[in-house]
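Peer 1: Sequence:
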Amino acid sequence: MNSLASTLLFLSLGQASDGDLPPERPTTLQPPPVIDSAEANEQPRQFRIGDSPREAFPASPAFPAERFAAPKPPTRRQPPAASRRRSVVLTDRTDPVVPVQAKGAIDLANQILSEAVRSIELHGDATPLVSALGLADSTTRSRILKSYWSLSVAIGRYAFAEHEALYLQKLRRPQARTEDAMLQAHAARASARRSQARLNAIHWQERLSELLPNREAGLPVPADMPFVGVYRTQIENLYGRDQAPRRLQEIDRALPHELDIISRRAESIAAFERLVTELSEAYETGAASLGQVLQATEELSEERTKFLDVVLSYNENIADYSLSVVGANAPVTTLLSTLIHAETAARPALLADARVRPASAEAPDRAGEAPTPARETPNTFLRVEPAFSPGSQSILRP
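With the first letter of the sequence shown counted as 1, position 353 gets the number 353 in the working numbering; the numbers rise by one all the way through.
These are computed hints drawn from the structure, not numbers from a lab.
List of simulated lysine-lysine pairs, DSS-like, C-alpha gap at most 27 Å:
#1 Lys306 with Lys146
#2 Lys103 with Lys306
#3 Lys306 with Lys170
So the derived label-pair ranges between C-beta atoms look like this:
#4 Glu206 with His257: 29 to 35 Å
#5 Asn237 with Glu206: 38 to 44 Å
#6 Arg253 with Gln295: 34 to 40 Å
#7 Gly240 with Glu278: 49 to 55 Å
#8 Arg247 with Ala181: 47 to 53 Å
#9 Lys103 with Arg246: 30 to 36 Å
Note that beta-carbon positions come from the ideal geometry of N, C-alpha and C, so glycine has one too.
Produce the entire structure from the sequences given, and follow the hints as far as they go.
Peer 2: And the structure:
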């Protein structure tokens with residue numbers, strides 16, 4: 001066994017879990033309900049893309065900060081006298097100096113992301129990541145990966161913008177001229193954001209299409225979701241303490257904190273969704289002002305934007321790390337298995353049902369074929385089906 005195979009075997013064994021077994025059969029893909037402009041005539045109720053309350057949000061806040069273990073302060077130690085590389089080590093990697101993630105918050109983040117990316121209809125052909133990378137040469141894999149995730153996030157922005165624009169259209173128009181002008185101004189801005197978000201999504205479709213080998217096909221629509229979960233780099237096992245390239249060390253240090261930000265942004269989104277819902281109901285009865293509703297809606301929009309920003313950064317960093325570790329010329333299945341790891345490994349299959357989250361990796365058939373980063377995965381957070389046409393193969397599994 002060569003050096004690369006040994007490294008991949010070690011990572012695979014280190015990341016494996018008791019549930020790493022392939023599913024018994026592929027399943028079918030069903031189209032989801034898509035936001036319909038006809039819904040604008042209804043009165044606004046729950047302010048979220050789905051109609052039912054979030055299962056993971058029983059009270060405000062959804063997940064209190066106490067659920068997270070506070071990171072310990074960095075410790076300093078003096079290295080052996082013979083070492084001249086640096087005088088101090090700022091963080092002792094044996095101590096838990098990174099945020100400890102609450103699984104419920106990660107589930108909530110996946111729920112919010114999925115409801116956004118998979119609740120809006122965008123014309124194009126469903127393109128699984130394995131297909132996008134399968135025929136690409138080593139020089140374009142990095143650009144394909146980043147364009148793929150950028151398109152996914154752009155679709156999420158479009159869905160959020162569509163939802164916010166329709167929601168403002170549903171609000172009862174006030175009697176006062178100044179308040180009515182205020183509502184119309186906010187509604188016009190939301191409509192402009194929606195148009196801009198749709199254009200940005202189409203732009204990333206064009207960018208990704210230019211990188212794919214089969215350019216004669218229709219514009220691509222990602223069939224796989226950006227990854228949100230714990231990613232274990234195994235950097236010390238791969239390179240030894242402080243021996244990894246500087247860029248990989250930066251990614252290793254950043255990933256846990258980015259995931260912590262994703263989780264906390266998700267909590268903030270859920271809290272603001274509830275706030276907007278409560279204020280909207282109070283506004284209908286005269287117990288809250290229009291200005292309060294509009295301010296809360298705008299703050300929610302900002303939180304959603306920041307949430308998607310860090311999701312994109314997280315996946316771009318994972319892509320950089322994976323390409324550096326396995327090499328740009330590695331088999332596509334090996335590369336994909338280092339990008340995202342699911343609780344159950346699978347071969348290419350169709351999306352099972354509304355309880356299944358797609359993952360952008362094909363797990364190895366044999367131990368040692370590829371490293372498999374760990375993931376905290378929800379089982380029931382996805383309540384909408386993908387908006388893509390059925391019949392396309394993808395690496396989608398629970």
